[in-house]
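Engineer: Turn these sequences into a full structure, and let the hints steer you where they fit.
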Amino acid sequence: MKSQSEILGLALIVVLIFLGLVIYVRFALTSDQNVAIPAQLMYKQLPVVLNDVLLQTNIQNCNNEQLRNVIMRCVEGQQVCGTYNTCEYARNWTIQKLNETLGEWRFAYIYNITVDGNTRSEFPAIFGRNCTRKNIDTEVFPSRLAGRLFEARLSICH
Amino acid sequence: MKKAQIRIFESIAVLVIFIIFVAIGLRFYTTAQMNDLRKVAAEFSELDAVKVTLLLSHMPELACSFEGRPDSSCMDLEKINAMKYLLNNTPWVFEHYLPIIGLSDVIVTELYPATDTIMLHNASIQNTSLRIARVTSLTIPKNIQDPETGYKKIGTFTVKTSAVRR
Chain A
745 MKSQSEILGL ALIVVLIFLG LVIYVRFALT SDQNVAIPAQ LMYKQLPVVL NDVLLQTNIQ
805 NCNNEQLRNV IMRCVEGQQV CGTYNTCEYA RNWTIQKLNE TLGEWRFAYI YNITVDGNTR
865 SEFPAIFGRN CTRKNIDTEV FPSRLAGRLF EARLSICH
Chain B
87 MKKAQIRIFE SIAVLVIFII FVAIGLRFYT TAQMNDLRKV AAEFSELDAV KVTLLLSHMP
147 ELACSFEGRP DSSCMDLEKI NAMKYLLNNT PWVFEHYLPI IGLSDVIVTE LYPATDTIML
207 HNASIQNTSL RIARVTSLTI PKNIQDPETG YKKIGTFTVK TSAVRR
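If you read the sequences in order, they're chains A and B.
According to this note's numbering, the residues represented by the first sequence are 745 to 902, in order.
According to this note's numbering, the residues represented by the second sequence are 87 to 252, in order.
Simulated from the structure, these hints should not be mistaken for laboratory data.
Yeah, the Cβ is synthetic: ideal placement off N, Cα and C, and Gly gets one too.
Sample of chain A residues facing chain B (criterion: CB under 10 Å; computed from the structure):
| # | residue |
| --- | --- |
| 1 | GLY764 |
| 2 | MET786 |
| 3 | LEU794 |
| 4 | ILE803 |
| 5 | GLN804 |
| 6 | ASN808 |
| 7 | GLN810 |
Facing chain A, according to a computed beta carbon distance under 8 Å, are these residues of chain B, among others:
| # | residue |
| --- | --- |
| 8 | GLY111 |
| 9 | ALA118 |
| 10 | TYR198 |
| 11 | LEU224 |
| 12 | ILE226 |
| 13 | PRO227 |
| 14 | ILE240 |
Within a straight-line C-alpha distance of at most 27 Å, the following computed DSSO-like cross-link-like pairs (lysine-lysine) qualify:
| # | chain 1 | residue 1 | chain 2 | residue 2 |
| --- | --- | --- | --- | --- |
| 15 | B | LYS125 | B | LYS246 |
| 16 | A | LYS788 | B | LYS125 |
| 17 | A | LYS788 | B | LYS246 |
Structural biologist: Now the structure itself:
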């Protein structure tokens with residue numbers, strides 16, 4: 745009888761230790777999964793700021809026009825990038841700058857342009873990496889150029 | 087050895103084992119608490135870095151001007167150079183900005199059309215004696231405007247904020 749109660753006591757201690765370990769491991773794992781608030785803040789800011797920065801940059805080889813004007817000229821069939829095709833140059837330039845920023849920082853992204861609500865075949869969407877995560881922050885930069893609604897949409901996946 | 091003595095030893099052994107278990111439990115608990123505290127400290131440090139980065143990047147002293155009004159979406163190249171000169175050569179200006187800049191390295195990098203780096207403030211040179219617990223680096227893209235031509239360039243604004251070990 746005495747040995748039975750001792751075995752029961754030992755079993756109880758083992759169960760308690762096991763429970764303690766399970767609670768500790770679970771606690772440690774759930775803490776790691778939380779993304780810090782500042783990081784989230786910056787993710788929200790990034791597409792807003794970067795989209796703004798890209799569209800307002802003056803492009804040297806395109807009469808120093810801002811990117812948004814160059815894309816608009818591309819859509820309207822005008823030539824402003826010297827001997828280069830305006831649409832090709834604007835798109836390649838955008839791809840390069842997105843690669844140098846979001847690409848370097850290892851973000852997956854989608855960048856697309858619509859004019860009057862329609863996507864344009866002259867400026868197909870740009871995809872950087874495959875988005876495998878569920879958090880996507882999108883920023884639309886709308887402006888009215890030459891009487892038309894121009895929207896540049898940058899989505900960042902993190 | 088008498089039976090009573092054996093029982094006393096038994097009780098002592100049980101107590102010792104119990105104390106060992108409690109000590110192990112406390113050790114686990116304090117480790118978990120310390121990890122949590124470190125995470126909270128890191129989060130506060132990051133929040134501080136975000137605050138400093140946003141404050142500095144939106145300062146009218148560095149922002150572009152449009153029709154006499156500051157435009158914080160971009161930074162003025164001349165203002166950046168002037169601020170760098172004043173911070174490094176005018177003690178009262180440095181003291182004025184010290185509560186904001188504090189232990190932060192502030193770096194402006196031009197990415198397009200040319201590549202260039204301007205070290206606006208280098209805290210690590212001035213505070214070599216401090217024990218740094220962690221450095222949080224935040225980079226945000228910014229347009230840098232040349233006021234002479236009015237052209238906007240692509241750049242980044244980086245703030246490396248150091249948290250001191252106490």
